[in-house]
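Chemist: Sequence:
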Amino acid sequence: MIQDIYPHKLNNSYKPSEVPTKDSLIMHFNSDGQILTKLTPEADGSSRKSFPRLSEFSKEPETLTYIFSMDEDKVFLADCDEVSVPEGYGYMKIREFRRVEDVSKKGVFEAFTAKHLSDWYKINRYCGKCGSRTNHSETERAVVCPKCGNTVYPKICPAVIVGVVKRGATKDEDQMLLTKYNHNRGVPYYALVAGFTEIGETFEETVAREVMEETGIKVKNITYYKSQPWGVAYDILAGFVCEADGDTTINRDESELAVAEWLTRDKVVLQPDQYSLTNEIMTKFKEGEI
230 MIQDIYPHKL
240 NNSYKPSEVP
250 TKDSLIMHFN
260 SDGQILTKLT
270 PEADGSSRKS
280 FPRLSEFSKE
290 PETLTYIFSM
300 DEDKVFLADC
310 DEVSVPEGYG
320 YMKIREFRRV
330 EDVSKKGVFE
340 AFTAKHLSDW
350 YKINRYCGKC
360 GSRTNHSETE
370 RAVVCPKCGN
380 TVYPKICPAV
390 IVGVVKRGAT
400 KDEDQMLLTK
410 YNHNRGVPYY
420 ALVAGFTEIG
430 ETFEETVARE
440 VMEETGIKVK
450 NITYYKSQPW
460 GVAYDILAGF
470 VCEADGDTTI
480 NRDESELAVA
490 EWLTRDKVVL
500 QPDQYSLTNE
510 IMTKFKEGEI
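Heads up, the sequence shown is in my numbering, so the first residue is 230 and it goes up one at a time.
Simulated from the structure, these hints should not be mistaken for lab results. Among the hints, a few may not be true.
[Stated by the list, open to error] Straight line, CA to CA, 27 Å or less: simulated DSSO-like cross-link-like pairs of lysine-lysine: (1) K322 / K335; (2) K251 / K334; (3) K409 / K455; (4) K322 / K303; (5) K335 / K455; (6) K335 / K244.
The whole structure should be built from the sequences, with the hints applied where relevant.
Modeler: Structure follows, in structure tokens:
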């Protein structure tokens, strides 16, 4: 999954006094949410993607905020609308950045995590309670209103990813409920039922509700699998596996899904990368481990 970057290590400790050096990595997202990346041509015609260091800017960005470190690299966010883009750099949509084959999993994780913080800082430049300009906290990752004291922490949205299994007479006859989002979601690959946790719900209640709402299937034996941060949507994803309970006729929510179908292990078509919790659960089922 995207966070499985060993031997690399993310350190997200809050260090407001950290000062950038010429070797610091700089993350910048333009007004369209695209990430600044270096495009280095390779001999095979491809382009290697990487992030700029401070020394590569002709003019230092106006506002640099320390956000995390990755191994020995200290990563700063250029928390401003525009920067002087160095020669050889350009902006890329975050979804396209994910799909570029020559970007390491470490690089994608850095980009997703930085995007999460960049959006949060931009959204909370002004207090949602009184409208005053906010300040960064000196003690914790939060923004604080100097006028009314309103304190805002990073937005993290809990959501579930659900592998629903219909048991067959044999293991080879087991089927998993796979979906495809409507085309306006821009994701053409098979996925699992997913959705956000509502106020007052447990994760298990979210699983049962989302599966019923999207496919009309009741479930049982809901079992936690593992979790995953997904910064571009501000999510913390909790993965679950469960079994169909009773009638397995699919009643697809056409406003949400373009496809919903039961597929045996040999028919499961995996996503093209190894970043998502969704793909890992699908892989485990395909290989007979679920």
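Chemist: If a hint holds in the structure, say so; if it doesn't, say that too.
Modeler: Tested hints:
With a CA separation close to 17 Å, the supplied pair K322 and K335 stays within the 27 Å bound. Between K251 and K334 the CA atoms are separated by roughly 25 Å; this keeps the pair inside 27 Å, and the hint holds. Between the alpha carbons of K409 and K455 the distance comes to roughly 22 Å, so the proposed pair stays at or under 27 Å and holds. Under the criterion of a C-alpha separation no larger than 27 Å, the hint pairing K322 with K303 is consistent with the structure, at around 23 Å.
Restraint check for K335 and K455: the C-alpha separation of about 20 Å stays at or below 27 Å, so the hint holds. For the hint pairing K335 with K244, the CA-to-CA distance comes to about 21 Å; that is within 27 Å, so the pair holds.
In summary, the structure agrees with every hint in the numbered list given earlier.
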